[in-house]
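A.B. asks: Using the hints, position chains B, C, D and E against chain A.
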Amino acid sequence: MIIYNYVFIGMLLLGAIGFALAPVIVMGILAPRKRSSSKADTYECGLLTTGETWVRFRIQYYIYAIMFLVFDVETVFLYPWAVAYERLGLFALAEMVVFLLILAVGLAYAWGKGVLKWV
Amino acid sequence: MPVNAPVLFDFIHLAPEIILSLWGLFVVMIDVALLRRRSSATRGRILGVMSIIGALAALASIYLPDMMDLGHAASNVEESLFQGTILGGLLVERLTALLLILLIFVIALSTTWDLTEHWGEYYALLLWATVGMILLIASEELLTLFLTLEMMTICLYIVTAFEKDQRRSAEGGLKYFVYGSVSSALFLFGLSLLYGLTGTTRLAAIGLALAPAHTSIGLVGNVAGAMAVLLVLVGFGFKISAVPFHQWAPDAYEGAPAPVSAWLATGSKLASIVALMKVLVQALGPWAHGVNDISSPGWVGIVAVISALTMTYGNFAALAQKNLKRMLAYSSIAHAGYMLVGVLAVVVGAGKSAAGPVLFYLVVYSAANIGAFSIAAWLYRDKGTDQIEDLNGLGLKYPILGMCVLLLMLSLIGLPGLAGFWGKFFMFSEALSQGDDRHKLTFLWLVGLGLMNSVISAFYYVRVLRAMFLRPSTGRPLQAPTLTIRLAVIGSAAVALIFGLYPQPLSTETDAMAESRIFITPSRPAELLSVSPVRVVPRPNASDDTRLRAGPIGGGPSAPPEPTPVPDSRAK
Amino acid sequence: MNVACDWAFPLVWAQQSELDSIPWLKWIIVLAVVFFGIFPGIVAYTVWGERKVAARFQDRIGPNRVGPLGLLQPIADAIKLITKEDLVPRSADRWVHLIAPVLILVSAFLVLPVIPFGVGLAAVNPPSGLIYLIAVSSLSALGIFLAGWSSRNKYSLLGAMRAVAQLVSYEVPQVLSIVPIILWAGSLSMVTIFDKQVLYGWFLFSPPGMLAFVTLTIANIAEVNRTPFDLPEAESEIIAGYHTEYSGMRFGLFFLAEYLSVFAVSCLGTAIFLGGGTLPWPLTGEPVVTLGGGETLFAMLLLNLPLIGIFMAKVSLYIFLMFWIRATLPRLRVDQLMAFAWKFMVPLCIINIFISAVWYECVIRPSKPNYLLGWGVTLPLVVVSIIGVLALYRSSMKAEPVELTTGSRRRSVVRSVS
Amino acid sequence: MNDIPLTWFLIFAAACFVIGLMGVLVRRNAIAVLMAIEIMLNAANINLVAFWRYGTPVEGDSPISGVMFAIFVITVAAAEVAVGIGLILLCYRRWHAADVDRFDSLSG
Amino acid sequence: MNQILFGVIATMGVLSALGTVLARNLVHAGLFLVAFFFLIACQFVMLEAEFLAAVQVLVYIGAVAIILMFGIMLTRNIQGDDTTTVSRAGFIAGGLAAVGLLTVLIFGITHEEGRSGRPAWNSVTTRPAIYPASARKSESQAAAINNMGLAVGEDLLTRYIVAFEAAGILLTAALVGAIALAIQEGPVSDDPSDRVKSKQNAESLAADEAESLLTSSRA
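Chains A, B, C, D and E supply the protein sequences, listed in that same order. Every position in the first sequence, counted from 1, becomes a number in our numbering once 587 is added. Every position in the second sequence, counted from 1, becomes a number in our numbering once 1372 is added. At position 188 of the third sequence the residue is numbered 174 (our numbering), and the sequence of numbers has no breaks. Every position in the fourth sequence, counted from 1, becomes a number in our numbering once 593 is added. Every position in the fifth sequence, counted from 1, becomes a number in our numbering once 3 is added.
Bound-form chain A, shown alone:
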């Protein structure tokens, strides 16, 4: 059954989480614990933190995230085409050329609009 592949991966997942948490727990036990107020401040190269943690964010991040989302979904369509390429004839290649052309225009648009520049 295909599920058994993923049962092994599930066991690996749980094992990895345990493998990651074990040292932190051990550290909690072994390591010395001396609380002091100055230690618990957020680190600002030694200065006191100025201004609350809301800083001007550029819209840039959002644009990179959309570009990634669109190309990510594009690969979700590309992979099955690549797998079935052998059995599909030439028309499938033509269809995929059209699909990639459509998405290349999206990339060219973002490029031309200048949003890809990290200003």
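Hints in this document: simulated from the structure, not taken from any laboratory. Every residue gets a Cβ at the ideal spot worked out from N, C-alpha and C, and that includes glycine. Heads up, some of the hints might be wrong.
Computed, partial: chain E to chain D, Cβ under 7 Å [claimed, not checked]:
1) T14
2) V17
3) L50
4) L55
5) V62
6) G103
7) V107
8) L108
9) T129
10) A132
11) I133
12) S141
13) A177
Computed list of lysine to any residue pairs in SDA-like fashion (alpha-carbon distance at most 25 Å, straight line) [as the list claims (entries may be wrong)]:
14) C/K140 x A/W705
15) C/K182 x C/R76
16) C/K38 x C/I68
17) C/K66 x A/W705
18) C/K182 x C/I68
19) C/K12 x A/I604
20) A/K621 x C/L67
21) C/K70 x A/A618
22) C/K384 x A/A691
23) C/K384 x A/W705
24) A/K621 x A/V611
25) A/K621 x C/K66
26) B/K1812 x B/G1721
27) C/K70 x A/W705
28) C/K12 x A/I589
29) C/K12 x A/V611
30) C/K140 x C/K38
31) B/K1755 x B/K1812
32) C/K38 x C/V320
33) C/K66 x A/L608
34) B/K1694 x B/L1602
35) C/K140 x C/L265
36) C/K354 x A/L677
FRET-style restraints, in silico, Cβ to Cβ [what the hints assert, rightly or not]:
37) C/P266 x A/L617: 42 to 50 Å
38) A/L608 x C/I61: 15 to 23 Å
39) B/Y1435 x A/R674: 45 to 53 Å
40) B/L1380 x E/M4: 45 to 53 Å
C.D. replies: This is chains B, C, D and E only, laid out in the frame that chain A set:
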């Protein structure tokens, strides 16, 4: 070549969609590459003209299948392309032509004022929304239906919020988006239940699977089926802004720039009503009124209540409106209510003759709305607001346009002698004559309510006319309208007048369009149509006697296209 | 090749095998020994190797105090980290602060079971193994974001946002450069890819293959945040990027996760491009090792030992390449970094997909693959596309510096959020 | 290795759907509403794949119609989120708040 | 063993969905949402649609969750913990409506009786066998499960080609539209009339800023 490779000729039927989408890409690239240096006003005009050329090219390409005389699929024969996912035939071509003409007017309207700086994206999104609408009309399957519905609405979400200098445009867009995606999630859950009930995604096959030939009693006995129908109705109710799901419409119409709200009121509503008719008749038809012996109510009652609510609420709310676009939004809700009566007649009668009047009404309604919204565009261009009292004295200053607006408003009311009247007349008379006695009472009520609402609607339309003709013009007078506004208003007034005096050509045309397969519930194919699956009938206008015709029932599992490379429905 | 063994070690692949009940004990042994024993050991000594190699590049010796040749250095580091105080800033979000490094480490671990170390030696072989691998390796971006956000420090949040933006931008070329492999192998399962490479020779030995290998390596380096793409946690930039507020073993987890993903990513590179476990010579021909089925664990290991050796040699070469690049190349500026991904790598990978389709038609589809035609057609295509995209990229980059320095006579396109 | 009955999957999907709907009704922040919509779409996906797996495909249809539907639903949901966040950011720059019910400039 | 596994995944799935809806802090809600997506992917694996599980993890957790998190960061509530739920009364009303709908749905699911040859839902307890080749009911479904990438690829480019190209157009429209919405100013054009326009734009922004400060100070 794998078993069901798409036949090359199928793509010919898709010519308009292919041209529109590639043209949208072309417009976007031209805007980014060549026109960077120009100001947004000049860019708007240049790209507007180019988009109109694209729409005209698509319009010409509709008749490509005939010109190419492919030898087999003449375009008058209904046939399912791409293994039953897309429909090609007379209805789809005529409605595509109508949509493209409306699109040309909307694009022309968009060049009136400098509503955005991103013109390339604006026109491309309008073109892609049209591709979504055409494919929505042509889709024969739940998957393509959902995808094209979403494609149309997502393009419209973005375009609604395109006037970035206006706060209301962004807010209207967001409200439209939130309502839209919630209702599309509900719609999808309804589709998944339907898929579970019948096991197939093709509409015709669903209809046959739901046919009450078995012991299953109608809607009441089967709660899962009832939930599926209700959720599908919610999805479509949102799209045609029927009452319980209409809160988004006034805000979206008022917020969006005038040409976009024109496109919302005409194109999006037209495609959604045709899709609603197709799903209700073809897929959910058997459950319309439950099995005759057990008088378990089908969903006809629900749709009747929705239609009544939509009519009355739309009209009463429109009475109190100050803003022209918001009033037009409520009037478009009211018209959705009238059209639902026509849809009910189609479902109950399950005859193709009943679908003609609804299409007739759609044509007339969308033409009138284009004219009305072009007035709103003109008003906004000069005065920056779209309150009704800003129209004061317009009729006196521009008598010809004033007359045209008069014709428009009267046609929207449904005054005899104008196209609007014939639309309502055909639809209501069809509703009264259709259906067996059980439905007589409901239709009587609906038609009565419809007439009463038409009278109420007179009040708010007349208020616009009163402002234009009787009030002295206050504040800055409006400058001369651009050619595009003039053309739009005169064009729609001409439609209202010509088809008002002589409705015959349009009604025969719409009756011919109504003969498409999607308006025949699969559960009754045997009675209405000769059983042989394939019969070609010469073009409708050639001879009228052979009214009965058989689109090949390609979809039903009873006669599934065997997986031969060329399904038999095409063998001539 | 996909042979069912009754004592399949560690083959748990159950697609066609008659494994109707799950061999729990065997799996737990495999997990404990291989996944939580050998691999962390390899990773620890990769860290040691990196420090030694980097030292050699800078003409110094590197760690040699602890044990002979500094071999016990990794263990010393581990003990030091464990005994440090577990410090979490007061304003930080305690739980998310802990979940973030765990998420990154887990995403690195989950890549390993799918990779075929030898003939039939993939721990797990699901039919869509490669897309599973891509999906799991995209989890780390989320982990990095949560690390930055949870420490409620505006510099670490800014560093995390920049790191995620870079990761996300380089994941697209990574994913696109794997498409040629699937096209040639005709399936997503890693074992079939291995079998195809045995038949047709390494996928590297073809012009589109080379191009795809180069783009994949560049994307892998960026994916793991190593020089020249390690801007987010570069010392000179924003304190220490997203793991400013992490100390002690929590920081150790990040360190372990980074080197484990270096190992995982290089295993991916070798498995799909360098024909994991097969020798470059003879190029093609009969399978290297045939499993008659029913071998015992010991026989299985013995048979596969040379293959595992070759695989590990290739992986270490790949990792050495990364060390080498880290020791020599300077760090890229942020805008060059992003522009390079979107304006050079993505177009190149898209074009490469079509060139690989041409290679498929010439070599793999015909019964007798003629490599001459394949090379003859695709080599010029590859060269032309590289030059074309490079020219395009150059022209767009050339326009920019002027703008940036002269206070942009034209308003910069995107202003900050008001 | 007894099998899982179909109704378990359907009840799980219905529960997630209803929770998503409640989220839409209860939450005020536009991004929280967007998350609730994603839950509803995923619930519908589970429904589709469950019906595909437990039913035998009809002759004329594709053998994986349920999975294909789910793949296209994921594409639509991704496009919807991208556009939704774009609209929310546009509204945020105008109103400095992404709460759905604080938008009352369009009254009447 | 399958049923236990399903039970665990289903309860954790419902809990994480509830967490997304009820968490006060938006980023915590986002975290619960990511957990929910992962558990839905596990459900797909339980249904043996593993290509879909990989696509779900890749698209939802890899991209959609990142965009949602960026959306939270780019709107003011960086800590993400401003009040985001409605009043107590609204809460109970929403909850009741949800419970009502749930009972109707569950009643519908359990009491659905089959039609036209399809078995009723609650009678379907075993899925069509794939593994022992002899017991396979439909060869095409078995082939699809064993190599889903191939089956999806074939169907995508032959049967649903129209939906496939429409999805391409939809993605580009979303990309182009979202970028057009996100850009603060118009394209960088030297035309003076553009400049005037964007100055008004800047002024109106400043005006909004001042006005919103006023309202917040008064509130």
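A.B. asks: Give a verdict on every hint.
C.D. replies: Going through the hints against the structure:
1. Taking 7 Å as the C-beta contact cut-off toward chain D, the hint placing E/T14 at the interface is violated, the least distance being around 9 Å.
2. Taken as an interface hint, E/V17 checks out: its beta carbon lies about 5 Å from the nearest beta carbon of chain D, inside 7 Å.
3. Using the Cβ-Cβ criterion of 7 Å, the hint placing E/L50 at the interface with chain D is satisfied: the shortest such distance is roughly 5 Å.
4. Restraint check, E/L55 versus chain D: the minimum CB separation of about 6 Å is within 7 Å; hint holds.
5. Contact between E/V62 and chain D, as hinted, is supported at the beta carbon level, the nearest pair being about 5 Å apart and thus within 7 Å.
6. A hinted interface residue such as E/G103 counts as satisfied when its beta carbon comes closer than 7 Å to some beta carbon of chain D; here the least separation is about 9 Å, so the hint is violated.
7. Given hint, E/V107 at the interface with chain D, is violated; its Cβ is 9 Å from that chain's nearest Cβ, farther than 7 Å.
8. Because the beta carbon of E/L108 sits about 4 Å from the nearest beta carbon in chain D, less than 7 Å, this interface hint is met.
9. About 4 Å separates the beta-carbon of E/T129 from the nearest beta-carbon of chain D, less than 7 Å, and the hint is met.
10. Interface hint status for E/A132: violated, as the beta-carbon distance to the closest one in chain D is roughly 9 Å, over 7 Å.
11. This hint is violated: E/I133 has a C-beta 10 Å from the nearest C-beta of chain D, more than the 7 Å allowed.
12. For the restraint placing E/S141 at the interface with chain D, the shortest Cβ-Cβ distance is roughly 5 Å, inside the 7 Å limit, so the hint holds.
13. Here the hint on E/A177 is kept, as its CB sits about 4 Å from the closest CB of chain D, short of 7 Å.
14. At roughly 20 Å between alpha-carbon atoms, C/K140 and A/W705 fall within 25 Å of each other, so this suggested pair holds.
15. The straight-line distance between the Cα atoms of C/K182 and C/R76 is roughly 55 Å, outside the 25 Å bound, and the hint therefore fails.
16. Between C/K38 and C/I68 the CA atoms are separated by roughly 23 Å; this keeps the pair inside 25 Å, and the hint holds.
17. For the given pair, C/K66 sits about 40 Å from A/W705 by alpha-carbon distance, which is inconsistent with the 25 Å threshold.
18. Proposed proximity of C/K182 and C/I68 is contradicted: the alpha carbons are some 45 Å apart, above 25 Å.
19. About 20 Å separates the Cα atoms of C/K12 and A/I604, which keeps this hinted pair within 25 Å; it holds.
20. Restraint check for A/K621 and C/L67: satisfied, since their Cα atoms lie roughly 17 Å apart, inside the 25 Å limit.
21. Pair hint C/K70 plus A/A618 holds up; C-alpha atoms about 5 Å apart against a cutoff of 25 Å.
22. As the CA atoms of C/K384 and A/A691 are separated by approximately 22 Å, the hinted pair is consistent with the 25 Å bound.
23. For a cut-off of 25 Å, the pair hint linking C/K384 to A/W705 stands: about 15 Å separates their Cα positions.
24. Only pairs whose Cα atoms come within 25 Å are accepted, and A/K621 paired with A/V611 is accepted, the gap being roughly 17 Å.
25. Between A/K621 and C/K66 the alpha-carbon distance is near 17 Å, which keeps this suggested pair within the 25 Å criterion.
26. The suggested pairing of B/K1812 with B/G1721 holds, with an alpha-carbon distance near 12 Å, which does not exceed 25 Å.
27. At most 25 Å may separate the alpha-carbon atoms for a hinted pair to count; C/K70 and A/W705 exceed this at roughly 39 Å.
28. At most 25 Å may separate the alpha-carbon atoms for a hinted pair to count; C/K12 and A/I589 meet this at roughly 18 Å.
29. Between the alpha carbons of C/K12 and A/V611 the distance comes to roughly 28 Å, so the proposed pair goes past 25 Å and is violated.
30. Distance hint between C/K140 and C/K38 is unfulfilled; the C-alpha atoms sit about 35 Å from each other, more than 25 Å.
31. Taking the CA atoms of B/K1755 and B/K1812, the gap is about 50 Å. The hint is violated against a cut of 25 Å.
32. Taken as a hint, the C/K38 and C/V320 pair is broken in the structure, with Cα atoms around 29 Å apart against an allowance of 25 Å.
33. Restraint check for C/K66 and A/L608: satisfied, since their Cα atoms lie roughly 17 Å apart, inside the 25 Å limit.
34. Between the alpha carbons of B/K1694 and B/L1602 the distance comes to roughly 35 Å, so the proposed pair goes past 25 Å and is violated.
35. For a cut-off of 25 Å, the pair hint linking C/K140 to C/L265 is broken: about 51 Å separates their Cα positions.
36. Restraint check for C/K354 and A/L677: satisfied, since their Cα atoms lie roughly 20 Å apart, inside the 25 Å limit.
37. Between C/P266 and A/L617 the C-beta distance comes to about 49 Å, which sits within the given range of 42 to 50 Å.
38. For the pair A/L608 and C/I61, the supplied restraint of 15 to 23 Å holds, since their beta-carbon distance comes to about 20 Å.
39. Look at B/Y1435 against A/R674: about 36 Å separates their beta carbons, and that is not inside 45 to 53 Å.
40. A C-beta distance of roughly 51 Å is found between B/L1380 and E/M4, which places it inside the suggested range of 45 to 53 Å.
The earlier numbered hints that this structure contradicts are 1, 6, 7, 10, 11, 15, 17, 18, 27, 29, 30, 31, 32, 34, 35, 39.
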